[in-house]
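First to last, the sequence lines map onto chains A and B.
In terms of this note's numbering, the first sequence has 161 at position 161, counting the first letter as 1, and numbering is strictly consecutive.
In terms of this note's numbering, the second sequence has 26 at position 26, counting the first letter as 1, and numbering is strictly consecutive.
Check the hints yourself; a few may be wrong.
[Said to hold, decoys possible] Derived lysine-lysine pairs resembling DSS-like cross-links, with alpha carbons at most 27 Å apart:
#1 A:117 / B:150
#2 B:64 / B:117
#3 A:150 / B:95
#4 A:150 / B:64
#5 B:64 / A:95
#6 B:150 / A:95
#7 A:64 / A:150
#8 A:95 / A:117
#9 A:117 / B:117
#10 B:150 / B:117
#11 B:150 / B:64
#12 B:95 / A:64
#13 A:64 / A:117
Keep in mind the hints are simulated off the structure, nothing from the lab.
If you're wondering where the values come from, they're calculated on a predicted model, not measured in any experiment.
There are 2 protein chains.
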Amino acid sequence: MVRENEIRENEVAVEPPAATDAGLVFIGRISTPWTSRMETPRQGRHDGPLCRIEIFEPWGPALKGVEAFERLEILYWLDRSRRDLVLQSPASSGKVHGTFSLRSPVRPNPIGTSIVKLEAVEGAVLLVRGLDCLDGTPLLDLKPDRTLFKPIAPPQPGDFHTDDEGTAHYCQKRET
Amino acid sequence: MVRENEIRENEVAVEPPAATDAGLVFIGRISTPWTSRMETPRQGRHDGPLCRIEIFEPWGPALKGVEAFERLEILYWLDRSRRDLVLQSPASSGKVHGTFSLRSPVRPNPIGTSIVKLEAVEGAVLLVRGLDCLDGTPLLDLKPDRTLFKPIAPPQPGDFHTDDEGTAHYCQKRET
Numbered sequence: 001m002v003r004e005n006e007i008r009e010n011e012v013a014v015e016p017p018a019a020t021d022a023g024l025v026f027i028g029r030i031s032t033p034w035t036s037r038m039e040t041p042r043q044g045r046h047d048g049p050l051c052r053i054e055i056f057e058p059w060g061p062a063l064k065g066v067e068a069f070e071r072l073e074i075l076y077w078l079d080r081s082r083r084d085l086v087l088q089s090p091a092s093s094g095k096v097h098g099t100f101s102l103r104s105p106v107r108p109n110p111i112g113t114s115i116v117k118l119e120a121v122e123g124a125v126l127l128v129r130g131l132d133c134l135d136g137t138p139l140l141d142l143k144p145d146r147t148l149f150k151p152i153a154p155p156q157p158g159d160f161h162t163d164d165e166g167t168a169h170y171c172q173k174r175e176t
Numbered sequence: 001m002v003r004e005n006e007i008r009e010n011e012v013a014v015e016p017p018a019a020t021d022a023g024l025v026f027i028g029r030i031s032t033p034w035t036s037r038m039e040t041p042r043q044g045r046h047d048g049p050l051c052r053i054e055i056f057e058p059w060g061p062a063l064k065g066v067e068a069f070e071r072l073e074i075l076y077w078l079d080r081s082r083r084d085l086v087l088q089s090p091a092s093s094g095k096v097h098g099t100f101s102l103r104s105p106v107r108p109n110p111i112g113t114s115i116v117k118l119e120a121v122e123g124a125v126l127l128v129r130g131l132d133c134l135d136g137t138p139l140l141d142l143k144p145d146r147t148l149f150k151p152i153a154p155p156q157p158g159d160f161h162t163d164d165e166g167t168a169h170y171c172q173k174r175e176t
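Chain A with its partners taken away, still in its complex shape:
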């Protein structure tokens, strides 16, 4: 079953800090066939139904060149998810899993990510397959699938950094 706002057996909620460390702007809206949480897929599929991504102004010009990529990474805001569970019971069995070992929409920052197949670009609208979210979900970002993208900017020293300093300072516990 999909959760509305209930907590299930053995799940653990915390008192979360205020979500004011950074702010998001919704840059578009996603249209899908799914208008109820009882219907949405657990995971999108590339042979799934066409979904529509509309980009709001002033961001339309940022689509230039996106048609060259067969697959895109999409980030969206799961605006109907609670954010305070650290242990969850997805199968409602009483067995709990840590939130970070799940891809559940319930998380401290409810950002969904999908890799979609790009079918068409029509002005400020993309038609794609592979989404798993509710109709009307706010869009946060889109970018080429990492496996298809080669940086245009010249490489930097870190791109060649393969050695392992072992006890390097950045791996040590900080004094705070």
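For chain A, the structure is supplied; the task is to place chain B on it using the hints.
Just chain B now, kept in the frame of chain A:
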């Protein structure tokens, strides 16, 4: 060259809407070897240096079970990026690309995503390889790599939804 805050030839900035549609909470901090934007890799590599991800309270218990996954998807906040460019010139050549056709850190919602190799979990600290961000970058989320994760919750109707209704309402232009 890495940008500080300058705009390059032919790049286009917009007046962005206020970023107040949703709020984020920083759930941890990432430590890497790179303390200057002149050093950070363009893309992380799985044979790159060990990096450290520290999870803040009250989120520690949410790590339960994460050690079972060889690879994790990490989301982080690129807190030093400008957010207003729609056309960018990564090679400083005057040739411009739309922001959404790039994986540049400069974007309306500067969220970085990486797939990392998980090397160790030590309490509320993860040691990983494959990051590409500056030392001190705020952490937003972590979850199993999508290719390794099988949903625990039972499937829903959308998981079997492969038909294409063609002119379905959700693909039509909305009247707004």
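Status of the hints after comparison with the structure:
With a CA separation close to 20 Å, the supplied pair residue 117 (chain A) and residue 150 (chain B) stays within the 27 Å bound. Straight-line distance between C-alpha atoms of residue 64 (chain B) and residue 117 (chain B) comes to about 17 Å, which keeps the hinted pair within the 27 Å bound. Proposed proximity of residue 150 (chain A) and residue 95 (chain B) is supported: the alpha carbons are some 16 Å apart, at most 27 Å. Distance hint between residue 150 (chain A) and residue 64 (chain B) is unfulfilled; the C-alpha atoms sit about 35 Å from each other, more than 27 Å.
Distance hint between residue 64 (chain B) and residue 95 (chain A) is fulfilled; the C-alpha atoms sit about 12 Å from each other, no more than 27 Å. Between the alpha carbons of residue 150 (chain B) and residue 95 (chain A) the distance comes to roughly 16 Å, so the proposed pair stays at or under 27 Å and holds. As the CA atoms of residue 64 (chain A) and residue 150 (chain A) are separated by approximately 17 Å, the hinted pair is consistent with the 27 Å bound. Between residue 95 (chain A) and residue 117 (chain A) the alpha-carbon distance is near 35 Å, which puts this suggested pair outside the 27 Å criterion.
Of the pairs offered as hints, the one joining residue 117 (chain A) and residue 117 (chain B) holds, with about 25 Å between alpha carbons and a cut-off of 27 Å not exceeded. Between residue 150 (chain B) and residue 117 (chain B), the direct Cα distance comes to roughly 18 Å. Compliance with the 27 Å bound is thereby established for this hinted pair. Restraint check: the Cα-Cα separation between residue 150 (chain B) and residue 64 (chain B) comes to about 17 Å, which is no more than 27 Å; the hinted pair holds. Restraint check for residue 95 (chain B) and residue 64 (chain A): satisfied, since their Cα atoms lie roughly 12 Å apart, inside the 27 Å limit.
About 17 Å separates the Cα atoms of residue 64 (chain A) and residue 117 (chain A), which keeps this hinted pair within 27 Å; it holds.
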